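*Asks:* In order, the protein sequences belong to chains U and G.
For the first sequence, our numbering begins at 19 and goes up steadily by one.
For the second sequence, our numbering begins at 19 and goes up steadily by one.
A hint or two may mislead.
Intra- or inter-copy, both count: the list cannot distinguish identical chains.
What the hints assert, rightly or not - Cut-off 25 Å, straight-line C-alpha distance, at most; resulting in silico cross-link-like pairs (SDA-like, lysine to any residue):
hint: 1; residue 1: K285; residue 2: G109
hint: 2; residue 1: K129; residue 2: I205
hint: 3; residue 1: K129; residue 2: P158
hint: 4; residue 1: K129; residue 2: A286
hint: 5; residue 1: K129; residue 2: E86
hint: 6; residue 1: K196; residue 2: A281
hint: 7; residue 1: K334; residue 2: N32
hint: 8; residue 1: K285; residue 2: A35
hint: 9; residue 1: K334; residue 2: A286
hint: 10; residue 1: K334; residue 2: N283
hint: 11; residue 1: K196; residue 2: L341
hint: 12; residue 1: K151; residue 2: Q47
hint: 13; residue 1: K134; residue 2: G108
hint: 14; residue 1: K134; residue 2: G59
hint: 15; residue 1: K285; residue 2: A212
hint: 16; residue 1: K129; residue 2: G192
hint: 17; residue 1: K62; residue 2: E86
hint: 18; residue 1: K285; residue 2: D122
It is worth saying that the hints were derived from the structure and are not from the lab.
Computed from a predicted structure; not experimentally measured.
These are the residues of each chain, in order.
2 protein chains.
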Amino acid sequence: MKPELTAHGHLMANEAAQAMAVFCASASQDLTALVAQQGIGDAKAIYTIARGSSDAVANILSYEFMRELGVPVTSLPPSVFSLGRGVDVGGAAVLIISQSGASDDLVYSAKGAAAKGAKVIAITNQPYSSVEKAAALAIPIGAGAELAVPATKTVVGSIAAGTALLSALVPSYGLRAKSAIDCLRAISTVHPKADDLRASFLRARHVYVIGRDTGYGAAHEVALKLKECCALHAEAYSASEVLHGPLQLATNPLMVLILDTGAGNIKASLDQAEARFRAVGCDVQRISPADLGARDLTPAAAAALMLAVMYQIILKTALALGLNPDAPETLSKVTKTT
Amino acid sequence: MKPELTAHGHLMANEAAQAMAVFCASASQDLTALVAQQGIGDAKAIYTIARGSSDAVANILSYEFMRELGVPVTSLPPSVFSLGRGVDVGGAAVLIISQSGASDDLVYSAKGAAAKGAKVIAITNQPYSSVEKAAALAIPIGAGAELAVPATKTVVGSIAAGTALLSALVPSYGLRAKSAIDCLRAISTVHPKADDLRASFLRARHVYVIGRDTGYGAAHEVALKLKECCALHAEAYSASEVLHGPLQLATNPLMVLILDTGAGNIKASLDQAEARFRAVGCDVQRISPADLGARDLTPAAAAALMLAVMYQIILKTALALGLNPDAPETLSKVTKTT
Numbered sequence: 019m020k021p022e023l024t025a026h027g028h029l030m031a032n033e034a035a036q037a038m039a040v041f042c043a044s045a046s047q048d049l050t051a052l053v054a055q056q057g058i059g060d061a062k063a064i065y066t067i068a069r070g071s072s073d074a075v076a077n078i079l080s081y082e083f084m085r086e087l088g089v090p091v092t093s094l095p096p097s098v099f100s101l102g103r104g105v106d107v108g109g110a111a112v113l114i115i116s117q118s119g120a121s122d123d124l125v126y127s128a129k130g131a132a133a134k135g136a137k138v139i140a141i142t143n144q145p146y147s148s149v150e151k152a153a154a155l156a157i158p159i160g161a162g163a164e165l166a167v168p169a170t171k172t173v174v175g176s177i178a179a180g181t182a183l184l185s186a187l188v189p190s191y192g193l194r195a196k197s198a199i200d201c202l203r204a205i206s207t208v209h210p211k212a213d214d215l216r217a218s219f220l221r222a223r224h225v226y227v228i229g230r231d232t233g234y235g236a237a238h239e240v241a242l243k244l245k246e247c248c249a250l251h252a253e254a255y256s257a258s259e260v261l262h263g264p265l266q267l268a269t270n271p272l273m274v275l276i277l278d279t280g281a282g283n284i285k286a287s288l289d290q291a292e293a294r295f296r297a298v299g300c301d302v303q304r305i306s307p308a309d310l311g312a313r314d315l316t317p318a319a320a321a322a323l324m325l326a327v328m329y330q331i332i333l334k335t336a337l338a339l340g341l342n343p344d345a346p347e348t349l350s351k352v353t354k355t356t
Numbered sequence: 019m020k021p022e023l024t025a026h027g028h029l030m031a032n033e034a035a036q037a038m039a040v041f042c043a044s045a046s047q048d049l050t051a052l053v054a055q056q057g058i059g060d061a062k063a064i065y066t067i068a069r070g071s072s073d074a075v076a077n078i079l080s081y082e083f084m085r086e087l088g089v090p091v092t093s094l095p096p097s098v099f100s101l102g103r104g105v106d107v108g109g110a111a112v113l114i115i116s117q118s119g120a121s122d123d124l125v126y127s128a129k130g131a132a133a134k135g136a137k138v139i140a141i142t143n144q145p146y147s148s149v150e151k152a153a154a155l156a157i158p159i160g161a162g163a164e165l166a167v168p169a170t171k172t173v174v175g176s177i178a179a180g181t182a183l184l185s186a187l188v189p190s191y192g193l194r195a196k197s198a199i200d201c202l203r204a205i206s207t208v209h210p211k212a213d214d215l216r217a218s219f220l221r222a223r224h225v226y227v228i229g230r231d232t233g234y235g236a237a238h239e240v241a242l243k244l245k246e247c248c249a250l251h252a253e254a255y256s257a258s259e260v261l262h263g264p265l266q267l268a269t270n271p272l273m274v275l276i277l278d279t280g281a282g283n284i285k286a287s288l289d290q291a292e293a294r295f296r297a298v299g300c301d302v303q304r305i306s307p308a309d310l311g312a313r314d315l316t317p318a319a320a321a322a323l324m325l326a327v328m329y330q331i332i333l334k335t336a337l338a339l340g341l342n343p344d345a346p347e348t349l350s351k352v353t354k355t356t
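The following block holds chain U by itself, in its conformation from the complex (with noise of 0.2 Å):
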C-alpha cells in the first residue's frame, strides 16, 4: 500500500475531486418519461424532508424550483411523520434526499407522507434502500462508494439529481441546465484565492457563511463542513437575516465568507452585507463562479461548483490543523435519530 493512501484526508480528497464529474453525470439522466408517468409536475406544493448536507442540498433545490415551477417548496422537518402523527400532503409531492436512504426518521417519513397522500420522490444513492421503496419515483444519485465521513460527491450530486428531475419538468430550463453542464465538465475547482481562504480559516475563532437564493443552502453545508472537519464554528445565514442580530458577533474576531452565486437579483445584498461587515472590521472573504471563469451556470449549479471549490479548501483547513478529516472523532458515517 502506497503511503498516499493511508495519509489523512486521501478519501476526502479523491472524492472531493469526483464532485464535478459526478454532477454532469447525474445532472443528465433524461428524467422525462419517468415524471410525466408519475405526474409529478400537477403538484400544488412541494415539501423537502432531509436532514444535515441534504437538507441544504433540499435548501438550495428549492430556490431553483420555486422560481421555475412557480409553486411553493419548503421543508418539513422529519420529526412530523417520525415522532407525531404526520400531516395531509394530498395533492403535494415530497421529495426526500438521503444518502444512505437508510435512515429510521426518513424512511418513516417516506411510508408516512405516502400514505397522507403525497407523491413521494426520492433522491438516493443506494439502490433499493428503504427510502427508494418507499417512494413512487428514485433518482439515482450515481456518486458510487462515498468512504469518507463528510460527504461531498454525493452532496453536489443530489444537486445534480435536482437538476435533472427539474430538467424534466421545465424543458427551458432543461436547456439552460445543459449549457451548465457543459461549463461545468471543462472546470478547475482550484480557486486562485485558495491559500488565502485556507489562512483566513487558520486565523478565524468564528465564520459566518453568507449567501442568498441557491448561495444561502451552500452556505449551509460550508459552515456544517467547517464544523465536521476542522471543529470550526461557522454558520449560515442569509444576507439579509444577518443584518439583524447577529451583526453583532462581528465585535468577536469574525470571519466572513460570502458565497456569491453571481445571479444579478442578490448583487446588492450581498453588497450591503459585505460593507456592513467590512465597517466593522471583520476579515470578509467572497467567491463566485467568475473567479474560475464560469458563466451562464444555473443558480443551482454555481451553488454546486462553489461547494465542490470548498470542500478541497475545508480539506486542507483540517489537514493543517492535524485533524483527519475522513474520520472525525466523534462521528460514524451513518447516524441513528428520529
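Chain G: place on chain U using the hints.
*Replies:* Coordinates of chain G only, in the frame set by chain U:
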C-alpha cells in the same frame, strides 16, 4: 431621573419582566368570530413568513399548528416575493409575523401572497402597519412599546397571538391553552439555576442551544439573543440534527444548553443528545418548565416560558461582560433589508 433608569439593560430588563403578562393577555384574545368569518380553518397548508426573532416564533408555532390541524405549516423565505416573482399560494393561509409590520420584504410578501391567492394573517405589534393593511386578518400582539433593541416581550407575545389563533381554530386546544395561561399567570420566571447558567455562558466560547418540536424554535431565539446581546457565538440545533456533523465542534470548548419543553415524545431524543455531549466533555445544561413548578403547559406555552426565563439570564450575562443589551453597538431597532 433616577440612576437606575439610565443604567445599561434597564429597558430590556423591564420589558423581559413583562413577558409572561403579555403572553397571558395576548393568548386570551377571543378570535373565534374573526377566524370563522375569514374561513382560515379551510386552509390546506399554512406558510409562515418572518425574519429573526419572529421567524423563531414561526418555527415554534409551526409544530403546534401541525400537531393540532394536521396540515403542513412550513416557512417561505420573504425573498421569494421581495426579490422573485412569488409562488402560487391559492387555498393556503400565509402567516406573517413582524413586530413593526413595516419591513419592506414583509410588506412585499403580504401583498404578493394576497395577490397569489392566500388568506394573509398578520401578527404585529403596530396597529395600522403596512403588513396589517395587506392582511385579511390582523392579530395584535398588544405588548405596548418596546424600546430595547433586543425584542423580548413582543417575541413571547407573538407566540401568544399564535396561541389565540389556534385556540379559535381548535376549541379543545383552546381549553388546554386556557389552563396553560392560568398556570403562567402565577409563575416566577427566575430560574433556580440562573447564576449557574450565567457562569456557564461567561466561561463559554461557543454554545449550542438544543431543542425539539416547539423547543427547537425557542433554541433559535435563545441563540440569536446570545449573539445579539452577548456577542457569544451560539447556534440552534434540533437534538437529532446536532448528532450529525455539528457534534465535532465539541472537540473545541463547547457549552450545550438543552431547552426541554417537557413533552414526552421528545425525551429520548434530548436524553441521547445530552449523553453524547457529556461523553465528549461538554458543559451541558438543561432547563425545563418543571424547574419552575409549571405543569400541563401546551408545548408553545412551554417554549414561551423558557424564553422568558432565558431573557433574564442573557441580560445578566451581557451586563457581566460590560455590554449594553439595550442598544448593541452594531444594531438598530428597524433593519431595512430586501
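*Asks:* Would you mind marking each hint as holding or not holding in the structure?
*Replies:* For each hint, the structure was consulted:
1. K285 x G109: neither (36 Å within a copy, 33 Å between copies)
2. K129 x I205: Classified as neither; 40 Å inside a copy, 42 Å across copies.
3. K129 x P158: Result: close within a single copy only, 19 Å intra versus 40 Å inter.
4. K129 x A286: Cα proximity of K129 and A286: across copies only (22 Å, versus 43 Å in one copy).
5. K129 x E86: between (28 Å within a copy, 21 Å between copies)
6. K196 x A281: Close inside one copy (18 Å), not across copies (49 Å); limit 25 Å.
7. K334 x N32: within (13 Å within a copy, 49 Å between copies)
8. K285 x A35: neither (29 Å within a copy, 41 Å between copies)
9. K334 x A286: neither (32 Å within a copy, 37 Å between copies)
10. K334 x N283: Classified as neither: same-chain Cα gap 33 Å, cross-chain 42 Å, threshold 25 Å.
11. K196 x L341: Neither: 38 Å inside a copy, 53 Å across copies.
12. K151 x Q47: Intra 20 Å, inter 47 Å, cutoff 25 Å: intra-copy only.
13. K134 x G108: Both: 6 Å inside a chain and 20 Å across chains, each within 25 Å.
14. K134 x G59: both (19 Å within a copy, 19 Å between copies)
15. K285 x A212: within (23 Å within a copy, 44 Å between copies)
16. K129 x G192: neither (30 Å within a copy, 32 Å between copies)
17. K62 x E86: Intra 13 Å, inter 23 Å, cutoff 25 Å: intra and inter.
18. K285 x D122: Close across copies (17 Å), not inside one copy (40 Å); limit 25 Å.
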